[in-house]
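On the provided structure of chain B, position chains P, A, L and Y as indicated by the hints.
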Amino acid sequence: MKRLALLIVILSGGLLLYATKDFPSWGDPNSPASTHVSPRYLEKSLEETAVPNVVTAVLADYRGYDTMFETTVIFCAGVACFMLLRKFEPEERDLYYRHIPTGLTLHIKGEKQIPSTSKEFEKIDAIWTPYDFIINTVSRFLVPFIQLFALYVIAHGHHSPGGGFQGGVILGASIIVLAVAFNLRTAVRRFGEKIDGIMSALGVFIYAGVGAFCAILGAEFLNYRALAKILPVGKVMARSHGILAVEIGVGIAVMAVMICIYNNVASEGKFDEGL
Amino acid sequence: MIWQLDLAILTLVIVCAIAAISVKDLLGTAILFGAYSFMMCLLWSIMAAVDVAFTEASVGAGVSTVFFVAAVFRTTRRTKD
Amino acid sequence: METIHSIRPLLAILASLFAIPLIVGFSRRPAMREFWTFAAAGSKFLIIVSMLPLVLTGRRVTCTIFEIIPGVPLQLTVDTLGLLFALVSSSLWILTSIYSVGYMRGLGEHSQTRYFCFFAVALSATIGVAFSANLLTLYIFYEILSLATYPLVTHHQDEEARSSGRRYLAYILGSSIGLFLPAMLISYHLAGTLTFSASGFLGASISRKVLMILLIMFVFGAAKAAVMPLHAWLPAAMVAPTPVSALLHAVAVVKVGVFVIIRIITGVFGVNLLKSLSLTTPVIVLACITILCGSLIALSQDNLKRLLAYSTISQLSYIVLGVSLLSQRGLTGAFIHIPMHAFGKITLFFCAGAIFVATGKKNISEMKGLGRQMPITMAAFFIASLSIIGLPPCGGFLSKWNLVLGSIEAHRPLVLVVLLVSSLLNAGYFMPVVYKAFFFKTESAVAGVKEAPLCCLIPLCLTAIFSIIFLFYPQPFYELISHALKCIIGAGV
Amino acid sequence: MTGNYPALLVTVPLLAAFVIYGCSWLHKRSCLFMALLGLTIPFAISVALLKKVLINGHISYHLGGWDPPWGIAYELDPINAIVLVAVTTVALVNLIATSKEIETRFSDRRGAFYALYLLFVVGLLGIVATGDLFNLYVLLEIASITGYSLIAMGDPARAPLSSLNYVFMGTIGACFYLLGVGYIYIMTGSLNMADVHALLPPLYHSSAIVVAFIFCLVGVMIKMGFFPLHSWLPNAYTYVPSPAASLIAPLMTKVMAYVMIRLMISVFSPKFVFSSIAASNAVVWLACLAIVMGALMALAQRDVRRMLTYIIVSEIGYIVGGAWIGNATAMSGAVLHIINDVLMTFCVFLSLGAIARSTKGYQIENFSGLFKKIPVTMATFVVSGLSIIGIPPTCGFFSKWYLILGAIEGGHYGFIVVLLLSSLINIILFFRIFEEAFFVYPKTNAVHTEGEASIAIAETPFVTLIPLVLTAILLIFTGIYSGSLIALIIKPVVSAGLL
Amino acid sequence: MDFLLTHLVAKYNFWLYIILMMIGLYAMIAKNNLIKKLVGMNIFQTAIILFYVSIGSKRGGTIPIVEHIAGGGEHAINPTRYVNPLPHVLMLTAIVVSVSTFGVALALAIKIYQRYKTLEEDELLTRIRES
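So the protein lines, in turn, are chains B, P, A, L and Y. At the far end of the first sequence sits residue 278, using the working numbering, and the numbering has no gaps. At the far end of the second sequence sits residue 237, using the working numbering, and the numbering has no gaps. At the far end of the third sequence sits residue 521, using the working numbering, and the numbering has no gaps. At the far end of the fourth sequence sits residue 660, using the working numbering, and the numbering has no gaps. At the far end of the fifth sequence sits residue 176, using the working numbering, and the numbering has no gaps.
Next up, chain B with everything else stripped away, as it sits in the complex (with noise of 0.2 Å):
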C-alpha cells in the first residue's frame, strides 16, 4: 500500500510541477487571472454593491450563489452530524445526580427519576469531575465579549475582512467555550437542541428565502436590485442591505451548525456530559 501510495504521490506531483512551467510567474499582475474577470470586481463593486470590501461583495453578491451552497454545505455537515451519531434512547437507564448544596451523588436505578425542575438536584455523569473555578469563571466572563466581536465581525463586513461565517463560527465557538468549561449540560441549558436545529434551518433559509424573494419581486433569484421596490433605499443600497441580509442568514447557520457539530462529535450524540 505504501509503495502503491508513493507512486500515485510522485506520479500527480510529477504532473503538478510538468504543469507549472507553464504558468505565470507568482504574482505577476499581467497573468490571465489578474486581467481578465476580477478587475470588474475591484473596479466596480464599489460602485454597484456600495461594499468597499471586494471580498464581500463578491461572495455575497457576484458569486452569492456559490454562497448560498456553500452554507448549505455547512448545514449538511450539521444535519449529518446530527443524523449520523445523535441517540435518543440511553442505553442504560442508570442517573446520577449531584446534590448541589452537599455536593452528594445519588445514583438511580431502575424507571425512576427527580423532575427536571428541581433546583437542588443537578443531572450527572459517573465520569463527573468538579468544574474548576479559575476557568469557569474567566469562560463566563469571556462569552460575552466574544459574541459582542462575532457581531461586529458579521455586521461588520462590508468594510473590513469579515462577514457571516467567521462571525458565525465565533459566536457558535463562544457556545462551545461554554460547554468545554463548564460541561455540555450547562451549554445545552442556555441553548437547546431544538433552537439549534431551528435556527440552523433558519440561516439557510434566510439565505435562500432573500433570493427567491428577489426572484418574486420580479428580478433573478438573488438579484438584491429587486429589494429596491420594498426598502426605501436606491438600487445600489439595495444590493448591501441585501448582502447584510444574507450575511446575519449565514451567521446564524454558521453558529448553529458548528454547535450542533460540537455537540453531537463530543458527546457522540447522548448529550450529557461532554468532553
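These aren't lab readings, by the way, just hints derived from the structure by calculation. All values reported here derive from a predicted model rather than from experimental measurement. Some clues are possibly wrong.
Unchecked claim - Label pairs and their in silico Cβ distance ranges:
#1 P:Lys236 - L:Thr265: 40 to 48 Å
#2 A:Ile93 - L:Ala359: 38 to 46 Å
#3 L:Val208 - B:Leu278: 50 to 58 Å
#4 P:Lys236 - B:Ile219: 51 to 59 Å
To be verified - In the DSS-like style, the derived pairs of lysine-lysine whose C-alpha atoms are separated by at most 27 Å in a straight line are:
#5 B:Lys112 - B:Lys122
#6 B:Lys197 - B:Lys122
#7 B:Lys90 - L:Lys261
#8 B:Lys197 - B:Lys273
#9 A:Lys303 - A:Lys237
#10 A:Lys396 - A:Lys464
#11 L:Lys189 - B:Lys90
#12 B:Lys5 - P:Lys180
#13 A:Lys514 - A:Lys303
#14 A:Lys390 - A:Lys469
#15 A:Lys469 - A:Lys396
#16 P:Lys236 - Y:Lys162
#17 B:Lys90 - B:Lys112
#18 B:Lys126 - B:Lys90
#19 P:Lys236 - B:Lys5
#20 B:Lys112 - B:Lys273
#21 B:Lys273 - L:Lys189
#22 Y:Lys162 - B:Lys273
#23 A:Lys390 - A:Lys478
#24 L:Lys261 - B:Lys197
#25 L:Lys521 - L:Lys261
#26 A:Lys390 - A:Lys464
#27 Y:Lys162 - B:Lys5
#28 L:Lys213 - L:Lys652
#29 P:Lys180 - Y:Lys162
#30 A:Lys389 - A:Lys469
#31 B:Lys197 - B:Lys126
#32 B:Lys90 - B:Lys115
#33 L:Lys432 - B:Lys24
#34 B:Lys90 - Y:Lys162
#35 L:Lys534 - L:Lys261
#36 B:Lys47 - B:Lys232
#37 B:Lys238 - B:Lys47
#38 B:Lys126 - B:Lys115
#39 B:Lys197 - L:Lys189
#40 L:Lys652 - L:Lys432
By construction, the Cβ of each residue, glycine as well, lies at the ideal position given by its N, Cα and C atoms.
Just chains P, A, L and Y now, with coordinates in the frame of chain B:
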C-alpha cells in the same frame, strides 16, 4: 513583503504537516494540525488574503481543532503510525 | 408491388397477447382459462387467413408502428413467405392448444397458468418474426421468443429442467447477442438500412470477405436453426412438456431459426448477390454435415423425444440446405419443407406425448408391442415418420423431391448423395420404432394400456391426416411459394 | 415567474429541505408531505423546462442578475434538460415508493433524512444545470456530503466504514477536480464554462491545460467509479439503506459521467480532447477493461446487491468508452446510456428494496421461490434485468445499439467485443437470479408437486408497487422512443460539438 | 541559474503547495489510522487553498478592500493595486467545505469506533472479517 519571513513560514508549514501525520499520539496530531492551520493562516495574510486568513484562523485553527480534540477524546489517542 | 397499410398484421401479433390478462385472470378456473387460449388461437388464425387473399393477389400488407432508430422503423410487412410460415404456426397452435389441455390435465401438471401465458407470448413472437419487415423488428421478436420459451423449457423446475434451461439460454441468447447483433449492426453500418428487400440490401460494393463473415455470423447467430455445432440446446430442451416440444421445438422456435436464415439469404443478401459471389458454399457444407450427423446421432437414441430432437436437427438443415442452394427448385423445396416437416414432426411429438400420458414411458425399448394397445397413435406415428423420411403417400415426399431436383439444378451432386443417404438414415431410425410397436410381443409393463385421452388423440390424427392430404393437394402452398419465388428470383433479373 | 424556472428548479427543493428540517423539531408528521411537495414542483418545472428548451433552444439564466463570466449562469440545452427530468423523476418516484420504509426506519430522525435526501437532489440538479466550473464543485460537495451521510445510515456494522472510505476517495476526487479548475483559472482567468471554452483554443498546447484536463477528468472519474478508481463504490452501495440506495446508486455515478461529457464537449472541445490529447484510444481500452473487470467481479458475487454495484462499474465503462470513441454516434449512445442507465439502475434497486421485505438477505439463495410470493415485484426486477442485459425492446438494448454502431464507425472493434461479452456475462448474472426466484422452491417447502398453495402471496404494498411497475413500463417506453430521444434531444447537441 | 530564477524562485509558492499536497495525499492513502487519514485529507485541501491564494496574489497588491471616502468620491479604482479577490472568495467556500467534510468524517470515525473499538484500518478489516 519580506520573502525571508515568507520562506520561513512555508518551511514551518511543511514541518508541521509532516509532524502532524507522523506523531504517534492523536492528541499531538490535533495540536500540530492546529499549528499547521495557524501557520497557513499567517501565510495567507502575508499574501493579502485577509478574509481567507480570518476564516482559516477561526475555522481551521479554531473550531476544527476543537472538533478534532473532542473526537480524539471520544475515541482513542493511540495510533500505530 | 402494391402496398396496403393495415393494422391487421399487428392485430395478428397482439391477438394472443390480449389473451394473457384473461388467462391470468381466470387462473382459478381452468375451463375459462383454456377457452381464452382457444379464442386467441382461433382469432389469430382467422386474422392471418384474412390476409391471404390480399397477398395472393400480389399485394403486401404493411403496418409501421413507429420509427425506432433512424431509418429503421418498427414495421410489419406480410409477404407470401411470412404468411406461409404464419399460417403453419398459427394453425398448429390451435391443434396444440387442444392437445395441451389433454396433456397437461392428463398429467396433472403444475403452474398451468404460467404455461399457457408464455405459450401465448411465444406464439405472438413467432408471428412477429414471420411478419417482420426489417432485421431489427425481426431481432426484437426473436429475442422475445427466446425469453418466452425459457420458462416453458424449465417448466418442471427440477435440477434437470433448470440445467437444460441454462443450456438453452446460453446457446440461444449467446449466439443472438454475440453473433447476430453485431452482424446486424455491421450491416446497418454498411447499408444504412435494415429493411428487407427482394434483392437484398447489402450491395455488391462490399468486399466478398466481409460478406462471407457476415453470412456465417448470421447463420450461427440464428442458433434456433440448430446448425451444428450450435445444436446442443435442442436435445436438452426436450425436458419440456411434450406440447412445448411439439409446437415450439418442432414448429415455432426452430422454424423461426430457419425462417431467419431464409430471410437473411433472400432479404438481406439477395439470392443473386450470393449466387454471383457463390458465398453459400460453407453454409451448404455445414448443412450437409448437420444433416448427416443429426441422423447418425438419432440412430443411437433410445429416448423417443431425444430421437425426435436429433431428427429435427437434421431436418432443419434440409431447409437451410435448400435455401443455400439458391436454385429455384431448391428454394421451393426448402419453403415447402416448412409446412411438411412441421405437420410431420408435430404428429410425432404428439404421439410421443400421448404415449407418455398413457404409459409414462419415454424410451423406445419400453414400447415394444405398443401398437396393439394404442393403434391409432402408432398408426399416426407411422404416417408421420413416412412423411419425414420423404416417402409417398406423405407430404414430405414433395419437399424431398424438390430438394433433390434443386441440388441437380445447382450442379451439386454431392448434396444429392447426402440427401439420399440421409433419407436412408431417417428410415433407419424411424422404422425400428414402428416395427417394435407393431411386431413385437406386448410387454407386461404396457399391457392393458389404453389410448390417450381424446384431447390428445384428435390433434394427432388431424395432423397425420393433413400430412397425407398435402401430398395430393399442395396447391395453396405452391401458389404462395411461386409468388415468393417471383419476388426473390425475379427481382434481380 | 417562468423566467426564473432554472433557479427555482434547484431552489425549491433547497428551501423545502430547510423547512423540513426546521419543522421536524416541531411537527414530525408534516415532513413527508413537504418533501413530496418539494420534489413534485421541481419535477413539474423540469418537464416545463424541457419543453421550453425544445421549443426555444438554449436557455441561459444569470443568477443574481450578473452577466457571466462575472456572475454565475445556468446553461440549459436539451441534454441538460432531459438529464434534469431523469433526476427529478427518479427522486420523486423513489420518495413515493420508499416513503413507508423511511417513515418506519428513520422515524426519530426523518426530518434529517428528508432534508439530506432533498439536498442530495439539489446537488445533482445543480451539477447538471450549472454553467460555472466552481459552482459545480460546491454542488458536487453538497451531493457528496449528503451521499456520505445517507450511505452511513445503512447496516451499522459496515456502512460507516464504507462511507468513510467513500469520504476519502470522494474528497480526493473533488480536490482533483478543484485543482484542475484552479489550473484552468490560472491560465484563462475565468470560471465560466462557455467563457473558458472560448478562451482555451490558443492554449491547447500548454502543458498546464493538459494537466488541468487530466486532473478534472480523474477527479470526476473517481466520483463516477470508473474502473481502477472504483474501490469505494461496491461497499458504499452495498450497505446503503435501501430507500437511499435506489436514489444514490442510479443518480450519482451517472450524473458524474454526464459531467465528464460536459467537460469534454462544453468546457474543453472535442478538438482538444480527441486531437490534442490523443489519449482516446487508451481511455477506450481502459473502459473496456472496466467493463470486463466489472462484469467478472459481478460474476464472483453471491450477494445480489453487491453484484449490482459491480454492474454499475461496468455500465460506467460503457459510458466512458462511448464518450471517448469520439464520434457523434458513440457520444449519443453514451448520453442515451446515461439516461437509460439511470432508469434501469433505479428500477433494479427499487425492486430489490421491495424484494428485501420478503427475504432475509440479498444472497441469491434467499431469492428462491420469490416469484410465487411477489410475482409483480419480481416481474419488474426481470424487466430491469433484461434491460441491463440489453434485450429489446427494453431501453438498454438501444443504448448498446448506438454504442456498438459508434464503435463500428470508429473502428474500435475491441470495444464491440467487450460490450457483447459483458452482455453475455450479464445474462448469466441475471438468469442465475431469475432461475432461483422462478424455478427453485424454497428449501423449507419440501412439498414439490403442489407448490402453488403452500406459498402465500405477500405482494409489496401498492404505494411501492405502483411506482415500481410504472418505472418498469417506462423502461420499455424509453426503449421504444429512444429513436426520437436521439433525434430530437441528443443528436443536435452532440453533433454540434462533435465532428 | 537563469532557470532557477525563472522557474523556482518566481513560482516557489506553486512548488511548495505541491509538496504539501503530496504529503496530504500520501497520508490519505498510506496511513493506517483513520484519523491520520483525515488529517492528510485536510492538509491536501489546505494545500489546494494555498495554491488558489497564490494565484490571486499580485506583486505590490494590497488587501482587496477598496479605499473609499465617506460620501463617495468618483475616483477611478486601479485594479492592479489590489490583489485578485476572486480566488479568496472561492477559497472561503473551499475552507467551509473542508470543515464540513471534516465534521462528517469525524462523526463517521466515532461511529466506527463505537462498534469496533479501534480506528486502525487493518484491525478494522480483521474484525469485520471475523464477525
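Q) When you check the alpha-carbon spacing of lysine 90 (chain B) and lysine 112 (chain B), does it fall within 27 Å? A) holds, 20 Å
Q | alanine 359 (chain L) and isoleucine 93 (chain A) - C-beta distance against the hinted 38 to 46 Å | A | holds, 45 Å
Q: Measure nothing beyond the straight line between the CA atoms of lysine 396 (chain A) and lysine 464 (chain A); if it is 27 Å or shorter, mark the hint as holding.
A: Holds, because 5 Å separates the two Cα atoms, which is no more than 27 Å.
Q: Take the C-beta atom of lysine 236 (chain P) and the C-beta atom of isoleucine 219 (chain B), compute their distance, and say whether it sits inside 51 to 59 Å.
A: holds, 58 Å
Q) Given the hint that lysine 162 (chain Y) pairs with lysine 5 (chain B), does the C-alpha gap stay at or below 27 Å? A) holds, 25 Å
Q. Does lysine 521 (chain L) pair with lysine 261 (chain L) here, judged by a C-alpha cut-off of 27 Å?
A. At roughly 19 Å apart (the allowed maximum being 27 Å), lysine 261 (chain L) and lysine 521 (chain L) satisfy the hint.
Q.
Check whether the Cα positions of lysine 112 (chain B) and lysine 273 (chain B) lie no farther apart than 27 Å.
A. holds, 18 Å
Q: Take a quick look at whether lysine 652 (chain L) and lysine 432 (chain L) sit within 27 Å of each other, Cα to Cα.
A: holds, 18 Å
Q: Starting from lysine 236 (chain P), check that the Cα of lysine 5 (chain B) is at most 27 Å away, please.
A: holds, 15 Å
Q: For the pair supplied as a hint, lysine 47 (chain B) and lysine 232 (chain B), confirm whether the alpha-carbon distance does not exceed 27 Å.
A: holds, 23 Å
Q. Straight-line Cα separation of lysine 162 (chain Y) and lysine 273 (chain B) no greater than 27 Å?
A. The given pair, whose Cα atoms are some 18 Å apart, holds under the 27 Å limit.
Q.
Just to be careful, I want the Cα atoms of lysine 90 (chain B) and lysine 162 (chain Y) compared with a cutoff of 27 Å; is the pair within it?
A. Holds, at roughly 18 Å.
Checked against the numbered hints given earlier, the structure satisfies every one of them.
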